[in-house]
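Visitor: Which chain is which? The protein sequence lines are A and B, in order.
For the first sequence, position 161 (counting from the first letter as 1) is numbered 161 according to the working numbering, and the numbering increases by one without interruption.
For the second sequence, position 289 (counting from the first letter as 1) is numbered 632 according to the working numbering, and the numbering increases by one without interruption.
Where hints are given, some of them may not hold.
DSS-like mimics (lysine-lysine), calculated; alpha carbons at most 30 Å apart, straight line [as the list claims (entries may be wrong)]:
hint, chain 1, residue 1, chain 2, residue 2
1, B, K618, B, K520
2, A, K275, B, K594
3, B, K587, A, K177
4, B, K425, B, K437
FYI, nobody ran anything at the bench for these hints, they're computed from the structure.
Number of protein chains: 2
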Amino acid sequence: MTITVSIDAMGGDHGPSVTIPATLSFLGKHSSARALLVGDQRQIEAILARADSAIRGRIEIVHASEVVGMDEPPASALKNKKDSSMRVAINQVKSGQAQACVSAGNTGALMATARFVLKMLPGIDRPAIASSLPSQTGETLMLDLGANVDCTAEHLRQFAIMGAALESALRHDPNPKIGLLNIGEEEIKGNEIVKQAAELLRASDLNFIGNVEGNDIYKGTADVVVCDGFVGNVALKTSEGLAKMLVDFLKEAFNRNVFTKMAAAIAMPALRNFKNRIDPRLYNGATLIGLRGVVLKSHGSADALSFETAITKAYVEVEENVLEKITERIARLHAASSTSPIP
Amino acid sequence: MTITVSIDAMGGDHGPSVTIPATLSFLGKHSSARALLVGDQRQIEAILARADSAIRGRIEIVHASEVVGMDEPPASALKNKKDSSMRVAINQVKSGQAQACVSAGNTGALMATARFVLKMLPGIDRPAIASSLPSQTGETLMLDLGANVDCTAEHLRQFAIMGAALESALRHDPNPKIGLLNIGEEEIKGNEIVKQAAELLRASDLNFIGNVEGNDIYKGTADVVVCDGFVGNVALKTSEGLAKMLVDFLKEAFNRNVFTKMAAAIAMPALRNFKNRIDPRLYNGATLIGLRGVVLKSHGSADALSFETAITKAYVEVEENVLEKITERIARLHAASSTSPIP
Chain A
1 MTITVSIDAM GGDHGPSVTI PATLSFLGKH SSARALLVGD QRQIEAILAR ADSAIRGRIE
61 IVHASEVVGM DEPPASALKN KKDSSMRVAI NQVKSGQAQA CVSAGNTGAL MATARFVLKM
121 LPGIDRPAIA SSLPSQTGET LMLDLGANVD CTAEHLRQFA IMGAALESAL RHDPNPKIGL
181 LNIGEEEIKG NEIVKQAAEL LRASDLNFIG NVEGNDIYKG TADVVVCDGF VGNVALKTSE
241 GLAKMLVDFL KEAFNRNVFT KMAAAIAMPA LRNFKNRIDP RLYNGATLIG LRGVVLKSHG
301 SADALSFETA ITKAYVEVEE NVLEKITERI ARLHAASSTS PIP
Chain B
344 MTITVSIDAM GGDHGPSVTI PATLSFLGKH SSARALLVGD QRQIEAILAR ADSAIRGRIE
404 IVHASEVVGM DEPPASALKN KKDSSMRVAI NQVKSGQAQA CVSAGNTGAL MATARFVLKM
464 LPGIDRPAIA SSLPSQTGET LMLDLGANVD CTAEHLRQFA IMGAALESAL RHDPNPKIGL
524 LNIGEEEIKG NEIVKQAAEL LRASDLNFIG NVEGNDIYKG TADVVVCDGF VGNVALKTSE
584 GLAKMLVDFL KEAFNRNVFT KMAAAIAMPA LRNFKNRIDP RLYNGATLIG LRGVVLKSHG
644 SADALSFETA ITKAYVEVEE NVLEKITERI ARLHAASSTS PIP
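Kindly generate the complete structure, drawing on both the sequences and the hints.
Guide: Shown next, in the form of structure tokens:
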């Protein structure tokens with residue numbers, strides 16, 4: 001099967017200068033893939049002029065006359081930018097011209113537009129933002145990372161179902177371990193909504209391992225960590241801030257004087273190994289999950305390597321039939337609850 | 344003025360083998376300070392037998408026959424352990440025998456007992472857990488770190504007032520910058536409670552700089568970051584987990600082969616400088632703020648250096664009149680609101 005990915009070529013802080021080289025590199029590695037580059041035709045053509053002709057043959061340009069600003073309110077983007085590269089890129093998924101869409105544009109606008117154009121999967125009330133973070137045992141999939149700030153217990157259950165389906169599709173693990181993000185204090189053990197969500201998850205057919213704490217994200221205690229979008233976003237941003245500070249402190253420690261600078265040169269292979277292992281560019285790309293279509297959100301400041309990671313994630317999600325697997329899992333759940341004897 | 348600190352000698356994972364050496368070291372550095380060591384008299388005396396006599400002269404043993412277990416439910420500790428080292432240590436503050444109390448015992452029990460024995464400061468509904476984290480510009484005081492999982496906007500306002508008073512007392516900054524922890528998504532800009540809290544803070548006399556995000560904690564954007572205890576605890580534990588993973592990855596990178604091991608030896612001064620800068624033992628000690636008394640909670644697994652940091656924090660809070668400063672600030676606020684013209 002040929003998989004076609006629709007790329008919002010204008011999105012992100014750097015636009016086509018990043019999205020197009022990333023697309024070319026991705027196509028170079030996936031010989032059966034195709035790409036739709038959506039945006040300003042002239043700009044895109046100018047950059048594509050230098051492309052390898054075999055790869056160029058698997059690219060189609062779809063013109064879009066507008067661009068959604070990085071700070072533009074989602075409602076305004078939805079109402080006023082009907083010919084934006086973001087909107088048109090999503091339309092390609094709706095019409096079946098593409099099987100997935102990738103954008104580095106503003107998250108709120110992407111979420112609102114994708115939801116409006118593609119609609120939700122049956123049985124899912126709200127989309128969530130899911131992404132993998134590095135852990136001591138591999139990777140931890142975490143959701144929601146910021147789409148939903150006020151969640152009910154039922155929303156958290158739906159996030160768990162979607163997370164389980166995504167994780168099992170991507171890692172070929174039929175029964176991934178699901179943890180509910182909570183706090184350790186014995187007296188209280190989390191707020192009311194989290195307590196109710198834990199009950200719903202215990203009653204589900206998911207492999208629910210119970211509450212996990214913030215440090216478990218990086219310990220790899222669970223394969224999937226479920227939380228509301230407020231908490232998830234704080235955890236993610238806090239991690240970004242701490243990682244940046246630690247890397248800066250490490251640089252400063254090696255830049256203190258001529259001896260430490262010499263040591264840095266000698267330690268370079270080890271330091272590079274360390275750096276590569278935590279390179280955020282290798283984790284870029286968050287799935288907007290719960291929609292009737294595969295949509296990946298790249299970090300706005302992504303460079304070409306980083307944006308390519310997001311495109312590859314979109315490709316793999318289509319290849320692994322993530323949407324069908326989520327839909328099946330929800331249908332199975334509904335069937336189970338409608339046939340179960342009334343207590 | 345002589346400051347006397349009451350030490351729960353039995354609390355924490357290691358009990359007297361950590362708390363007593365930490366107390367001796369602290370007293371060695373603060374020649375006018377005194378300590379009450381609360382717990383099993385025989386055990387304490389045995390360890391103190393080797394102490395320097397000048398320091399020993401500034402220590403009094405207060406016998407307590409029971410110990411609160413690290414996993415004991417707070418309600419059970421409160422009801423059944425009236426002669427616990429934790430409870431008796433707090434009683435010393437209530438009776439005026441000591442001006443502050445330090446415990447590495449279980450947080451829930453310490454919080455419940457301190458609140459029951461000492462009561463709240465006037466105008467404060469709930470105690471919060473406050474602690475400083477390292478940042479790129481110095482330190483960031485953050486609260487609440489886990490005492491309150493369901494907060495109202497008014498609670499968040501009270502945390503901001505207490506945090507401002509603590510920060511200004513400790514850092515001699517009359518007008519510390521207060522940030523409200525939120526998420527960046529334009530469309531939603533936080534949940535309802537955080538939105539209301541922002542309005543209350545804008546109307547207050549605090550130096551409120553607006554919303555901050557998770558990464559701002561380590562960037563040092565605000566001097567004080569305010570959030571509910573669920574979010575704060577997740578941010579703190581996530582940070583602990585990430586820091587541990589990164590340090591482990593760094594060790595692994597230097598342990599890969601004989602060349603990287605040699606590089607590690609050469610890089611040791613720089614690596615040690617890095618390690619010392621982020622040593623969590625130098626940040627140990629969270630203030631249970633809002634009580635009519637200074638109570639510091641040490642990490643349960645603290646070693647002697649770490650526990651000494653918590654004792655020193657307690658000492659400094661008394662020296663800097665933190666309680667009086669919080670009380671004044673709240674009184675000023677109440678006076679302002681009762682004399683302000685009705686809108």
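Visitor: Next step is simple, just say for each hint if it's right about the structure.
Guide: The hints, checked one at a time:
1. A C-alpha spacing of about 28 Å is found between B/K618 and B/K520, which places the hinted pair at or below 30 Å, so the restraint holds.
2. Among the hinted pairs, A/K275 with B/K594 is consistent with the structure: their alpha-carbon atoms are about 12 Å apart, no more than 30 Å.
3. A C-alpha spacing of about 22 Å is found between B/K587 and A/K177, which places the hinted pair at or below 30 Å, so the restraint holds.
4. The suggested pairing of B/K425 with B/K437 holds, with an alpha-carbon distance near 14 Å, which does not exceed 30 Å.
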